[in-house]
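Undergrad: Given the coordinates of chain A, assemble chain B onto it according to the supplied hints.
For the protein sequence lines, the chains are A and B, in the order given.
Heads up: the first sequence begins at 1 in the numbering used here, then just goes up one per residue.
Heads up: the second sequence begins at 1001 in the numbering used here, then just goes up one per residue.
Calculated directly from the structure, the hints in this document are not laboratory data.
Any given hint might turn out to be false.
The calculated lysine to any residue pairs, modelled on SDA-like cross-linking and capped at a C-alpha distance of 25 Å, are [to be verified]: (1) B:Lys1410 <-> A:Ser140; (2) A:Lys122 <-> B:Ala1232; (3) B:Lys1315 <-> A:Ile76; (4) B:Lys1222 <-> B:Ala1232; (5) B:Lys1402 <-> A:Glu116; (6) B:Lys1398 <-> A:Thr74; (7) B:Lys1410 <-> B:Phe1373.
Example chain B residues on the side facing chain A (calculated, C-beta under 10 Å, incomplete) [what the hints assert, rightly or not]: (8) Ala1380; (9) Asp1382; (10) Ile1417.
Beta carbons are placed, not taken as given, at the ideal position from N, Cα and C, and that holds for glycine.
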Amino acid sequence: MTNLKVDVTNLKKNFGDNHVLKGVNFKVADNEVVVLIGPSGSGKSTLLRCLNRLESPTSGKIIIDGRDISDPKTDIDLARQNIGMVFQHFNLFNNLTVGENIELAPVELGKLSKEEAAQQGKKLLKAVGLEDKFSAMPQSLSGGQKQRVAIARALAMKPDIMLFDEPTSALDPEMVGDVLEVMKKLAKEGMTMVVVTHEMGFAKEVADRVVFMADGKVVEEGQPEQVFDHPQNVRTKAFLDKVINV
Amino acid sequence: MKKHFVALCLLFAAFFAVLVGKQSQVQAKTYTIGTDVTFPPFVYANSHNKYVGIDMELIRTIAKTEGFKIKIKPVGFNAAVQGVSSGQFDGIISGMTITKEREKTFQFSTPYYESGIVMAVAPKSNIKSLKDLKGKRVAVKTGTQGATYANSLKKKYGFKTVTFDDSDNMYNDVKTGNSAACFDDSAVLNYGVRTGLGLKIVTKPADIGKYGFAVKRGHNQKLMKMFNAGLAKLKKNGKYEQIIKKYTGQSATSAKKKANEKKDDASNTFAGLIKENYQAILTGLLETIKLTVVSIICATIFGILVGLLGVIPNKFSQGLSTTIIYIFRGLPLLVLALFIYNGVPSLTGSKIPAFVAGIITLTLNEGAYTAAFVKGGIDAVDSGQMEAARSLGLSFGKAMRKVVLPQGIKIMIPSFINQFIITLKDTSILSIIGILELTQTGKIIIARNLQGFRVWTIIAVIYLVIITILTLLSKWIERRIND
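For reference, chain A alone in the conformation it holds in the complex (with noise of 0.2 Å):
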């Protein structure tokens, strides 16, 4: 692998005695788009989450573009700027109108003044395909909606990888092409991606790499034909079985 941009080693994750990441290495190198599969409860939402130290890890260590995350003395505001981070429930701050929850984390980090933010945002809400959403308030936008402004929020910080925890999961069915969209469009242009979801479609297409987890480890890993085609592993086998031919 060329430069290296996560770099997760035996990672472990215990909330009291259960044991979610029994020891996970996990490696995405630079404009790398990867994507995590697996039943849930396998530990791939803990592993994203992890990344940007929204949960702490119990042991292991996290690099991220040469930060140690898994380090309690990391400045862990700083390193989550070059972070972002896309929820299944959007999160979109209730109380802020569209443009401002775009414009809120660069003003406040004191990256941009209040109309370059301005510019941005609008800039971002175009590429999402929502330009007229600027003066909208979140509880009047759909779920794609909302999840395309969660996106064009997170990219306002300019980060260098993005991390997507199930994005299209809480969609109605019609809505969630118009996100996956976005989200190919950004992998296209280079951004580095570790995204948890059951879009195998998505996999299949985006994917440079699949990688597979089941009970708090990563079982199998690939190329996209491969995992999906030639499954190695029995577990892989029978996941992608029930997935697939549903």
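TA: Chain B in isolation, oriented as in the chain A frame:
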């Protein structure tokens, strides 16, 4: 962010410390004297709401001849006794009988009056002696010699006692027939009967006792010396005789009776009552408003700080917040007020002015409730909001201020309005530590004119009016915030 909280907390504490310190320095130059202003002819408020009576004229005249200053605290007998023993007041003059038991805690002056305990009943009652009390209810006033006397006899004669905090409520209980009789000092009851109290005395004075001015044993020796010296002078130069005559002589009581009857015409109407007492009521209302406004501000600041301490991801601050809420929400307001006003000074030896003690009480109690709903309001905001803000690189404090709090406050607003109204109502409880607010004003007016129903109606209506104004104001603010 955490540092800011601690700093603010300290600032808050310092504010109180300064307030308390300043006030006690000023008061150290004058002697504070506790009394019960519902005890004519010894102490009562005249129609100009000035405290008069034998005790008041004596202490004032003595203060003048001996060259010291006094500040009268009309807190009721029980609170005055506690106030002196806790060091909150320097002395008490309130028709206080000298007893062995009391001498353990207090040091008494030369007696200035002699009186016994008599029993009074309603005019139409057929109770004539102690024997007729079997199975009946008898009204007494907390901490008085009359109460001690009644309690010592209740087994023998088979009656029950019910205690009141002031004379007026005790008399009223007999007049309305709830209690069959009451026991009180003969001088007081004699005076009352002669001035149209509406009770009759049926026993001879028993358990004769002497009245004395008192200080806490071993304290305020200079004050005691001055009082004794002054009293001796007054007895010598005839002033003492004059004062006693002024309040108990035939002419005095009949004049007062006439005045009472004349006043009754005026007092029989609401308009007359208001006209007669509007100044006192206005002063009381102002005090209530002052208490309410200051304690709403302090309690809101305190409550928000404690509430925020409870949501900071730090075990120590969360524990602190939970403990503060648990303690001050768990304590009855009345107990807290008495503890701060009487309890703390007897431990630390420094006085706390009643107003400050009242503010501290309300701040802690109402603040604890505020903290609980502030915490609840923040917790009610979806945790995803905080996560999303943090994921962008915003610090905890910024995420809180810009994203979580604005949403939490909207959830909290109805609780804030509710708490403001409760605070306003709770100021009435502070009458227990003698703050002359609306409720205490009502008590004092009734002690003079005995118009319980009408005065309490007026007071109740005033409370409703200001609560309505406060509610409308809060709703207006709520609309402004929500728009």
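Undergrad: Against this structure, judge whether each hint is valid.
TA: How the hints compare with the structure:
1. Note on Lys1410 (chain B) and Ser140 (chain A): the hinted pairing holds, with a Cα-Cα distance of about 19 Å set against a maximum of 25 Å.
2. Taking the CA atoms of Lys122 (chain A) and Ala1232 (chain B), the gap is near 92 Å; set against the 25 Å cutoff, the hint is violated.
3. About 20 Å separates the Cα atoms of Lys1315 (chain B) and Ile76 (chain A), which keeps this hinted pair within 25 Å; it holds.
4. For the suggested pair Lys1222 (chain B) and Ala1232 (chain B), the alpha carbons sit about 16 Å apart, so the restraint of at most 25 Å is met.
5. For the hint pairing Lys1402 (chain B) with Glu116 (chain A), the CA-to-CA distance comes to about 19 Å; that is within 25 Å, so the pair holds.
6. About 19 Å separates the Cα atoms of Lys1398 (chain B) and Thr74 (chain A), which keeps this hinted pair within 25 Å; it holds.
7. For the hint pairing Lys1410 (chain B) with Phe1373 (chain B), the CA-to-CA distance comes to about 12 Å; that is within 25 Å, so the pair holds.
8. With 10 Å as the threshold, the beta carbon of Ala1380 (chain B) stays out of range of chain A, its nearest partner Cβ sitting at about 12 Å, so the hint is violated.
9. With a cut of 10 Å, the hint placing Asp1382 (chain B) at the interface with chain A holds, because the nearest CB-to-CB distance is about 7 Å.
10. For Ile1417 (chain B), the suggested interface contact is broken, since its CB lies about 20 Å from the closest CB of chain A, more than 10 Å.
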